[in-house]
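These two chains come separately, so use the hints to put the complex back together.
For reference, the chains in residue letters:
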Amino acid sequence: MYTKIDNIKIHYDFNDGIKVNVDGPDNLYYVELREYPKKSQISKLIQGYHITSKDIHGQKKIFQLDIKFYMDFEILIYRYDSDIGLSLIWSHRYNDRGKLVNFEITTNDEDEAKFWMSKVLQYSKTSGCKPIIKSKFDNLNKLTPNFFNIDGVEPYKTYKIGRLPKSSTDWKTVDDRFQGVIHFGNWKSIWSYEHPRSWNELNSSQIVDDILGL
Amino acid sequence: MSTIYGIYTGYHSQSISLVKDGEIINCLEEERMTRLKAGDNHDCLPEKSHAKIEEITGLKFEDSDYRVDVFPSHELYTSFISNGKPYEIISHHTAHCAGAYFTSGMDGKVLTLSYDGGGHEHLMKIFLCEDGKMLEIFNLEQSTSGSLPHIWAFVTSGIMGYDQYMQGKWKMCKDEGKLMGMAPEGHYDEKIYNLLSSVIKYENFNFSPSATAEKTKFIIDSMYHDGLMKTQKQREIISYNLQKLTEDLMIEFFNDIHKKFPEYTKIAVAGGLFANVKLNQKLNELDWLDELFVYPPMGDEGLSLGAALWKSNQLGELKKPLKLTSFSFGPSYDEESIYEFSREFDFIRTGLDYDEIAKDIHSGKIIGWFDGGMEFGPRALGNRSLLVRPTQLETHKVLNRRLNRYDTMPFAPMVLDEHFEDLFTTNKSKYSAQFMTICYSTKTEWMDKIPAVVQKSDKTARPQVITSENNPKIYRLMKQYFELSSIPAILNTSFNTHGEPIIENPSQAFNHLKNKVVDKLVIGNYVYQNR
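Chains A and B supply the protein sequences, listed in that same order.
Heads up, the first sequence is in my numbering, so the first residue is 1 and it goes up one at a time.
Heads up, the second sequence is in my numbering, so the first residue is 215 and it goes up one at a time.
Bound-form chain B, shown alone (with noise of 0.2 angstroms):
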């Protein structure tokens, strides 16, 4: 039985995870301690998740029984940590593909696949999974095939136009979900939809031309001076023809993977291009398709995890995909250590009152939630949370106004387990929509009664399945809003303020509540609120 350290120290979202004994112990993205965003933060090194991990788990990064780096590497930082031991590098798709299927719990024939911007020779790998084996069987060089993932890199950057020094007024690798979240506000041009597709185009197996970045960036920067990037309403209209592209594509794709390989049925994802959760609602929606699996850090982030999930399934310990109930594999803090970062502050605390805090969220008050291990991968599960009741429109307003953000996106219902198929129209990939990976479309009857977490064009939502195994606390509070409002959903946002990665240790939270940025903070088994 083997301690295992896995490490990501490319481009960014550099992170590192500990595997012991075929079971995953932490996980930690770089940004969480730098306080920095992966967008913001390019090519930093995973030095504090790294000491971070240590410091929890007491075990040395060169104690470790085995560890395994993934290209593109820093070898210097790996080198360096592994104080003169052994380590190897796997591949970057290896990694999103190994890190999807070990934790897909799926059984039987799994077809894994992963499509990023690129980390290492490749854009794509493809793996035929089954009984804890993966057989690589196809994957796309990076030099000779087009990226999908770059084209929402290269317009997310240019679509709001550029500052002085001609850096995108929006980020890359930061901000694609902006840019998505427009898309359901414009509407299919077929010049515009040609403009992007003389980028990136798909036949049997194939995306293509290569260069796709570069190009993006000559179209983009073209359309600008050409004035078409102008208006808001005109990059609602790119975004939304990029997204039927992005969909178009895809849904190709897929349907050639079913044709080739029918008896995969369940279907495993990774990479970048998998944040879209537009995307994926499409692709759950395919009628062959039986289950769909988002990896919840499909970034880069989730590599350092896939790495040292792939060494465990090497040396046997891992034998079969993991079914997960949370991926909170971060730092948490015992209510000793809770109760001694809130002594810098002045709050009542008092115990907490689940029915209060219903009753809270029912009148319109923003509750910070903070509870247990830290969420790895971009969404806040229940553990880092900003709870607000669902069913008012404005509450997308009051929220933006409070966490001084811009979001154009809808914010996102957590909903209980057995009231999941009342409220939307499909019940398919649900083991995945317990990490809000997929979008589905609201039924009619609900749409306006849980407006503040319904596009309210496409009307789709971005759901989380919460089951009382899943999250007992976070269950039991919504069973009491439940009865207070008979709404079986409350509206889920990350806990944290414009430009800032998610929360991750009390203090953090505490000064939110100091600032006014939620009424009132559950965090353990305690409520606290300004006096």
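The shape of chain A in the complex, shown without the other chains (with noise of 0.2 angstroms):
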């Protein structure tokens, strides 16, 4: 998706994580994604850093994160004024009523991805968006009410349903201390989403309810 503010292009993607570019007449703009917690109208800086549509040197030309989760996020574009510094150019807030929505479930547990397509029903009802679910089970896909063929279409945000191998989740093993404050807002210790855990030490309900933000 992109939407254009006078001559500048700003290109979003929430299908594989988040994902922002810009195209545009600066040397450089600041991207901002920050969460609001449950029942606060105060946002929390989730991560924050610059990037360019140019080739400059050591200059990302992607903001990205690999959130893929739901969670109540804003981003908030800046470019450099020269004579007033930060200015706020654009600010999106994550919603997908009246949107489609992917959702797709892996399991090989047939009641498994029927039990997880209800709570996704559960969440469309809720946020209101248009879900597309995907499941190996076809007698299962074609239960749902928005199943149709989208190729060819993008969706505002795909929601991944599922487990993945132990060691990529495992941030135990990670040293909190490498994420450091400065570089990454510390975005690990303030969270206020519980994500990410272990996910083999969860049930079906606690996997698709912490995904979907039940």
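No wet-lab data here; the hints were simulated from the structure.
Check each hint, because a few of them may be wrong.
Have a look at the derived ranges for each label pair, beta carbon to beta carbon [said to hold, decoys possible]:
1. Asp55(A) x Met661(B): 12 to 20 angstroms
2. Asp66(A) x Glu558(B): 54 to 62 angstroms
3. Ile42(A) x Arg615(B): 50 to 58 angstroms
4. Lys4(A) x Asp254(B): 42 to 50 angstroms
5. Leu290(B) x Lys142(A): 49 to 57 angstroms
6. Val153(A) x Asp254(B): 48 to 56 angstroms
7. Gly441(B) x Lys38(A): 39 to 47 angstroms
8. Asp254(B) x Lys9(A): 39 to 47 angstroms
9. Phe352(B) x Ile84(A): 48 to 56 angstroms
10. Lys9(A) x Gln381(B): 29 to 37 angstroms
11. Phe69(A) x Gln381(B): 27 to 35 angstroms
Heads up, the beta-carbon is just placed ideally off N, CA and C, and yes, glycines get one too.
Here it is, written out as structure tokens:
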């Protein structure tokens, strides 16, 4: 997806984590991702850094964060104004109401897939999104209200519901100190949503609840 | 009565401290043992300092009565050296504030405040303190608030440009003092001031917006691409306006504190921001403030001591703030061991003659001075110091050349207590001035007499008050020098060369003598010189 503000084109994609890039005349654009904790109107910093659409040595071209579960987040993009400094040019708060949202269910257990689908429908009822549900069980897929071909249509968001190999989710092996307060805004320690944690220790219900923020 | 180890294992400036029966026994920062400055060696563990203190005291970490860690913590390490014994972890800013309050020497009502780039969840805490009790009344959350120290960190990192790996040529957590040192050479520039203030604002006890670090990096990189940091003059202007912004916001904040808590006119501070001696001067000059105390190990290195003091207070063993004569809680060496170190070298050794050393200083020699325990905190305070006459402007160049340094900051003077008011315009907060943490304005008649220790543009100096109690040997030397020169001040800079932490042991001092960094070395009760 993209949006245009004057001569600045902002691309954003929430299907594989969160990705943002900006085409525009400025050298740099600052992108910030913030989260609104449940029942709070004050957002917390998750991550912020600047990107470029030009070939500037050492500068990133894409803002991205590998968050694939539900989060009430807001993206803010600033440009540098040589007179006033930071100048907000665009903000977008996550809102999938009325939008196509892709739910990829990954399990070999048909009962679990069925259970997760019910949870997806519960989520979509609350959020108002139009769910596209995919699992390896076609008989189940056909039972979902929006089972139709969306090839070529970009969903607003993709949620992947399933388990990952333990090695890739065992965050406790990561030394907190290498994430750093300064470089990463300390998002791990301030995260209001209880993720990530070892999915292998969660039951079916906990997994889907965590991913969809139910 | 208890033995308490405090430990800090966080991102930088790791340290370990030992408090026994309410008294500070030892404190040691890891950089002094690794010989790599904290800013060059993030994410190490206090292994060597821990081993050194155990060696000095004979008290194993796990055999102490209490062990107190500080967030952010490397719990695996603390758990490992605790050897299965329980330990507790306290808040980063509680440790900062406990360190400041319990070494402030202040009686009565004291407001204690910490502010830094963030250690764990918070950027700041405020405690109301009285009779040895600390009551937390305020904090700034890291995820929703702005950080002045983060602006300093990222302007420092970017102001000299970047290397091929896009690492700042200057380093955060290390070179902020150099940036501050440039400020007096700049001037107010509304545009630059506004650019910087777009990253942080203050209003009604809140610094905002959050993500100061990231936003500062964006602004600084943009200014860099706009060519606003090409020349030294441009950098000085940025530095000036950053210093001014910092002072403006903090003065407004302090005045708000005063409005809310008017009965608190004594303030103790800690945290990296208060390494800024120019800011401390402005705060100290606030009319309503009776006394400012800046915790000498104000950065994260001071957290281990703060934690141990906090625990000692909780146990009822430390009942009120300590008034200290020094912060020399590091390793010390007796005459015998010094002699053993000296045997590796071929020096002339004579007994210490104060008159002779005073004459050497008067004639322009650079004297290495190594005596007693090593200082804890960023300043050399007469135990691991270089002493030079303050009377010659060119001393700055001479010392920089000899030490292979590029310092823009003026060097600092030691001043005889009884002459402090002769040289400087205010007499407030003299206790803190024993630890060289506040700048003062130099009186006009002294500016030209001690040019090597006075900032040439704003005429400030960062004095260390020397009394016969806090450092009797230096006091005696300075009296001799005063008799010769009528100057009650001596230039004191840290005993180290460029990129090196302050020296710790006699061998390092002897090497600097051998390499002719110093002309003579006073160590213990002897003077050493090259043949």
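Tested hints:
1. Distance hint for Asp55(A) and Met661(B): a CB-CB separation of about 52 angstroms, inconsistent with the stated range 12 to 20 angstroms.
2. One distance hint, 54 to 62 angstroms for the beta-carbon pair Asp66(A) and Glu558(B), holds here, with the actual separation near 55 angstroms.
3. For the hinted restraint 50 to 58 angstroms between Ile42(A) and Arg615(B), the CB-CB distance of approximately 53 angstroms keeps it satisfied.
4. Under the hint 42 to 50 angstroms, the C-beta atoms of Lys4(A) and Asp254(B), about 46 angstroms apart, fit the expected range.
5. Between Leu290(B) and Lys142(A) the beta carbons are some 51 angstroms apart, a value that agrees with the proposed interval 49 to 57 angstroms.
6. Look at Val153(A) against Asp254(B): about 53 angstroms separates their beta carbons, and that is inside 48 to 56 angstroms.
7. Gly441(B) and Lys38(A) have their C-beta atoms about 46 angstroms apart, which keeps the hinted 39 to 47 angstroms range intact.
8. Between Asp254(B) and Lys9(A) the Cβ separation comes to about 42 angstroms, which falls inside the hinted range of 39 to 47 angstroms.
9. For the hinted restraint 48 to 56 angstroms between Phe352(B) and Ile84(A), the CB-CB distance of approximately 30 angstroms leaves it violated.
10. For Lys9(A) and Gln381(B), the Cβ-Cβ distance of about 31 angstroms falls inside the hinted range of 29 to 37 angstroms, so the restraint holds.
11. At roughly 34 angstroms, the beta carbons of Phe69(A) and Gln381(B) sit within the given window of 27 to 35 angstroms.
Violated hints, in rising order: 1, 9; the structure is consistent with all others.
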